[in-house]
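Student: Each chain, letter by letter, is given below.
2 protein chains.
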Amino acid sequence: MKHSADRSSCLKKAPSLRVGVIGATGMVGQELVRLLERRGSFPVGELVPFSSGSQRRTVSFRGRRLAAGPVDQAALASCSLVFFVSSDEVSRRLAPGLAGRGIWTIDDSSAFRLDPGVPLVIPEVNAHVLKRSSRLIAGPNCTMTPLAVAAVALHRGAGIKEVRLATYQSVSGAGRSALEEFFLQVHEKGRLRVEGRAPVLGGSAHSALPGPIAYNVIPQVGGFDAEGRSVEENKVAGELRKVWEAPSLKVSVTAVRVPVVRGHAMAAWLTLGRPLSPAAARAAISRTPGLKLFPDGDYPTPLAVADTEPVCVGRIRKGATSRELCLWLAYDNLLKGAALNSVQIAEELLRRGWLA
Amino acid sequence: MKHSADRSSCLKKAPSLRVGVIGATGMVGQELVRLLERRGSFPVGELVPFSSGSQRRTVSFRGRRLAAGPVDQAALASCSLVFFVSSDEVSRRLAPGLAGRGIWTIDDSSAFRLDPGVPLVIPEVNAHVLKRSSRLIAGPNCTMTPLAVAAVALHRGAGIKEVRLATYQSVSGAGRSALEEFFLQVHEKGRLRVEGRAPVLGGSAHSALPGPIAYNVIPQVGGFDAEGRSVEENKVAGELRKVWEAPSLKVSVTAVRVPVVRGHAMAAWLTLGRPLSPAAARAAISRTPGLKLFPDGDYPTPLAVADTEPVCVGRIRKGATSRELCLWLAYDNLLKGAALNSVQIAEELLRRGWLA
Numbered sequence: 001m002k003h004s005a006d007r008s009s010c011l012k013k014a015p016s017l018r019v020g021v022i023g024a025t026g027m028v029g030q031e032l033v034r035l036l037e038r039r040g041s042f043p044v045g046e047l048v049p050f051s052s053g054s055q056r057r058t059v060s061f062r063g064r065r066l067a068a069g070p071v072d073q074a075a076l077a078s079c080s081l082v083f084f085v086s087s088d089e090v091s092r093r094l095a096p097g098l099a100g101r102g103i104w105t106i107d108d109s110s111a112f113r114l115d116p117g118v119p120l121v122i123p124e125v126n127a128h129v130l131k132r133s134s135r136l137i138a139g140p141n142c143t144m145t146p147l148a149v150a151a152v153a154l155h156r157g158a159g160i161k162e163v164r165l166a167t168y169q170s171v172s173g174a175g176r177s178a179l180e181e182f183f184l185q186v187h188e189k190g191r192l193r194v195e196g197r198a199p200v201l202g203g204s205a206h207s208a209l210p211g212p213i214a215y216n217v218i219p220q221v222g223g224f225d226a227e228g229r230s231v232e233e234n235k236v237a238g239e240l241r242k243v244w245e246a247p248s249l250k251v252s253v254t255a256v257r258v259p260v261v262r263g264h265a266m267a268a269w270l271t272l273g274r275p276l277s278p279a280a281a282r283a284a285i286s287r288t289p290g291l292k293l294f295p296d297g298d299y300p301t302p303l304a305v306a307d308t309e310p311v312c313v314g315r316i317r318k319g320a321t322s323r324e325l326c327l328w329l330a331y332d333n334l335l336k337g338a339a340l341n342s343v344q345i346a347e348e349l350l351r352r353g354w355l356a
Numbered sequence: 001m002k003h004s005a006d007r008s009s010c011l012k013k014a015p016s017l018r019v020g021v022i023g024a025t026g027m028v029g030q031e032l033v034r035l036l037e038r039r040g041s042f043p044v045g046e047l048v049p050f051s052s053g054s055q056r057r058t059v060s061f062r063g064r065r066l067a068a069g070p071v072d073q074a075a076l077a078s079c080s081l082v083f084f085v086s087s088d089e090v091s092r093r094l095a096p097g098l099a100g101r102g103i104w105t106i107d108d109s110s111a112f113r114l115d116p117g118v119p120l121v122i123p124e125v126n127a128h129v130l131k132r133s134s135r136l137i138a139g140p141n142c143t144m145t146p147l148a149v150a151a152v153a154l155h156r157g158a159g160i161k162e163v164r165l166a167t168y169q170s171v172s173g174a175g176r177s178a179l180e181e182f183f184l185q186v187h188e189k190g191r192l193r194v195e196g197r198a199p200v201l202g203g204s205a206h207s208a209l210p211g212p213i214a215y216n217v218i219p220q221v222g223g224f225d226a227e228g229r230s231v232e233e234n235k236v237a238g239e240l241r242k243v244w245e246a247p248s249l250k251v252s253v254t255a256v257r258v259p260v261v262r263g264h265a266m267a268a269w270l271t272l273g274r275p276l277s278p279a280a281a282r283a284a285i286s287r288t289p290g291l292k293l294f295p296d297g298d299y300p301t302p303l304a305v306a307d308t309e310p311v312c313v314g315r316i317r318k319g320a321t322s323r324e325l326c327l328w329l330a331y332d333n334l335l336k337g338a339a340l341n342s343v344q345i346a347e348e349l350l351r352r353g354w355l356a
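One line per chain: the protein sequences are G and L, in this order. First residue of the first sequence? That's 1 in my numbering, and the numbers climb one at a time after it. First residue of the second sequence? That's 1 in my numbering, and the numbers climb one at a time after it.
None of these hints come from the bench; they were simulated from the model. Be aware that one or more of the hints could be misleading.
[As the list claims (entries may be wrong)] No farther apart than 30 Å at their CA atoms in a straight line, the calculated lysine-lysine pairs in the BS3-like style are these:
| # | chain 1 | residue 1 | chain 2 | residue 2 |
| --- | --- | --- | --- | --- |
| 1 | G | K318 | L | K292 |
| 2 | G | K189 | L | K292 |
| 3 | L | K318 | G | K318 |
| 4 | G | K161 | L | K189 |
| 5 | L | K131 | L | K161 |
| 6 | L | K189 | G | K292 |
| 7 | L | K161 | G | K318 |
| 8 | L | K161 | G | K161 |
[As the list claims (entries may be wrong)] Quick look at which bits of chain G chain L covers, simulated, 3 or more residues with Cβ under 8 Å:
| # | stretch |
| --- | --- |
| 9 | 96 to 109 |
| 10 | 251 to 262 |
| 11 | 322 to 332 |
[Claimed, not checked] Interface residues of chain L toward chain G, partial, derived using beta-carbon atoms under 7 Å:
| # | residue |
| --- | --- |
| 12 | M27 |
| 13 | R164 |
| 14 | R197 |
| 15 | A226 |
| 16 | E227 |
| 17 | V231 |
| 18 | T254 |
| 19 | W269 |
| 20 | F294 |
| 21 | P295 |
The structure presented is a predicted model; accordingly, all values stated were derived computationally and were not measured. Glycine residues also receive a C-beta, built at the ideal position from the N, C-alpha and C atoms.
Same shape as in the complex, but just chain G:
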């Protein structure tokens, strides 16, 4: 590894940055490295990738294979910016120390999202909360980010009071081991055929998810609290209130894992402070950057939007009451749900001239 290589070469055309990625070999980490490579909007001078744990893998960047081993504090200390796309535990252990030393630290874990001293940022929604003195920045949950983007124009225009959300979350959101488990289960079932009756399938072995996911849906993402809400459901509620600066917003979520590889989707019901027609909602939403609005009669699906950057919105229509609208979202959970939002935060820091 050449992590501690001569740094001056990176500074010839300022700002050409030394950028660390902790968790670079994970599902989100690999997408983040690819985004840094392909967006071209971010001047990575040297990429310094680390794995999350003790394993040693490689990461491909600009045609080279870079070693990604366990975290090396000395190598990190010379970075201008470090992305955390690893576990809460790793972020808790390392992120505050780095930020304390003045290194910009963009954390995709949930460790600091609700910390009042840490900005929780979706650039299209609340870039104004970034502060030059707050070097530790959190990115929100992969389910909440796209909803916050899709509905922020409605929230600003008509004051959203209540949010109800049913999610259709892909297995890649639960990480590599869950995805491997899913594929094993599919292969174990073999070649399914319709012979008279619809087949009745049994469950499969599972350990990464709380139940078999092949040909199934699981209404549990994380453990349940005493009120019966899952960790994921509470994350969405708490983080949405923080990002929209709406402490009294009422949020109720049913978070469900579905047998999809990439791409989350959700059905949302939004109760507004005043009636708004679907046409007016479409007009307002269409002005939000990062969104792709589908015309009436069409809609995005996870399969169609996987590996694309926008938050895709369709099926905007009246809800149960005159002040309610329904909409349908689909997006790549690994991109705008996670890696892309982190990269966009870094791009915003760059735009402000805060990175050097």
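Place chain L on chain G using the hints.
Tutor: For chain L alone, kept in the frame of chain G given last:
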């Protein structure tokens, strides 16, 4: 075929009935025949199965293979009871004529469900609307029936005002051709593996469903109306109002097809006329026949409840407001969603002594 065989033999131990099934070779039809065989609560003297169209297949019943060809009016005319588990078109063409001749006609299609002269019946919910003079009886939509059962105790106890529903509907609900298409798509993708990045899958050929369903979810079940609501979403709303006799009930549904073989699930938000605790809701719900209530921390999934009869309910908890409860349902869409409800209607007619 012996459809017009001597009828007197069936009447030796009254009532031993001659029972027609139109659509007996379809997904729901085959489950219906199996239920008649295994429940033992219904005295079928002779089963008279027909296919939906012009094809000729066989149906297995009590160890015999019975021919199931195109509908034969003469054979139908000698039945005491005819189940329709075919298309709206077939029901529209044949059911009123049979009922007009005094034959009990239980129709699982949507053709007559909202007809004011036709009882729309879920025995656990509204058996009281059955009338000896109304020989044409409709069974509701496979998505609406289980919700109507699960929530009827809450509706009676606390007056449900608003219902919001996100569905997770299995492919078997769209019929045999959809299921065959789904399996072909899965097989076409072959052996999936996680190699670094999460795979990005392309779409597949499709014609039975509006898009590829393998590794995808599709927020469309039936065509859309001018307001952007799908046929399925409108069915649920209209039929729930009729069955609960609640014309002012507000209902908003997002109906979504998921890559599951058998078993529908749904996330429901119920706004009540007065606050009700989750514990009180559980106590009320647990008294409804046909329900299986899962304890806190546990929940039903489609894979676990496929091929079982009850409507399974879990995750009863507070919703977005003090008057709202959330719950999660899963059930076999071919059984309580369709075939079982039809058989239960017939059993109720028998109990009343109306069948002979």
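Student: For every hint, state whether the structure bears it out.
Tutor: Status of each hint after checking the structure:
Distance restraint check for K318 of chain G and K292 of chain L: the Cα-Cα separation of roughly 33 Å exceeds the 30 Å cut-off, and the hinted pair is therefore not satisfied. At most 30 Å may separate the alpha-carbon atoms for a hinted pair to count; K189 of chain G and K292 of chain L meet this at roughly 28 Å. Restraint check: the Cα-Cα separation between K318 of chain L and K318 of chain G comes to about 24 Å, which is no more than 30 Å; the hinted pair holds. For the suggested pair K161 of chain G and K189 of chain L, the alpha carbons sit about 43 Å apart, so the restraint of at most 30 Å is broken.
With a C-alpha separation of about 28 Å, the suggested pair K131 of chain L and K161 of chain L falls inside the 30 Å cut-off, and the hint holds. Note on K189 of chain L and K292 of chain G: the hinted pairing holds, with a Cα-Cα distance of about 28 Å set against a maximum of 30 Å. Taking the CA atoms of K161 of chain L and K318 of chain G, the gap is about 17 Å. The hint holds against a cut of 30 Å. Proposed proximity of K161 of chain L and K161 of chain G is supported: the alpha carbons are some 19 Å apart, at most 30 Å.
Under the rule that three or more residues need a Cβ within less than 8 Å of chain L, the assignment of the stretch 96 to 109 of chain G is violated, with 0 such residues. Here the stretch 251 to 262 of chain G counts 9 residues with a CB under 8 Å from a CB of chain L, which clears the bar of 3, and the coverage holds. With 3 residues bearing a CB less than 8 Å from a CB of chain L, the stretch 322 to 332 of chain G meets the requirement of three and the coverage assertion stands. For M27 of chain L, the interface hint holds, the least distance from its beta-carbon to any beta-carbon of chain G being 5 Å, beneath 7 Å.
Annotation: R164 of chain L was flagged as interfacial toward chain G, and the flag holds, the nearest CB pair being 5 Å apart, inside 7 Å. For R197 of chain L, the shortest C-beta to C-beta distance to chain G is roughly 5 Å, which falls under 7 Å, so the interface hint holds. A distance limit of 7 Å between C-beta atoms decides the matter here; for A226 of chain L the minimum to chain G is near 9 Å, and the interface restraint is violated. Interface restraint check: E227 of chain L against chain G, minimum CB-CB distance 6 Å, threshold 7 Å, status holds.
Residue-level restraint check for V231 of chain L is violated (minimum Cβ-Cβ distance to chain G is 13 Å; threshold 7 Å). With its C-beta approaching chain G no nearer than about 4 Å, T254 of chain L sits inside the 7 Å limit, and its interface hint holds. For W269 of chain L, the interface hint holds, the least distance from its beta-carbon to any beta-carbon of chain G being 5 Å, beneath 7 Å. Violation of the interface hint for F294 of chain L is found here, the shortest Cβ-Cβ separation to chain G being roughly 11 Å, above the 7 Å cut-off.
Evaluation of the P295 of chain L hint against chain G yields a violated restraint, the C-beta minimum of about 11 Å exceeding 7 Å.
Hints 1, 4, 9, 15, 17, 20 and 21, counting from the list given before, are not met by this structure.
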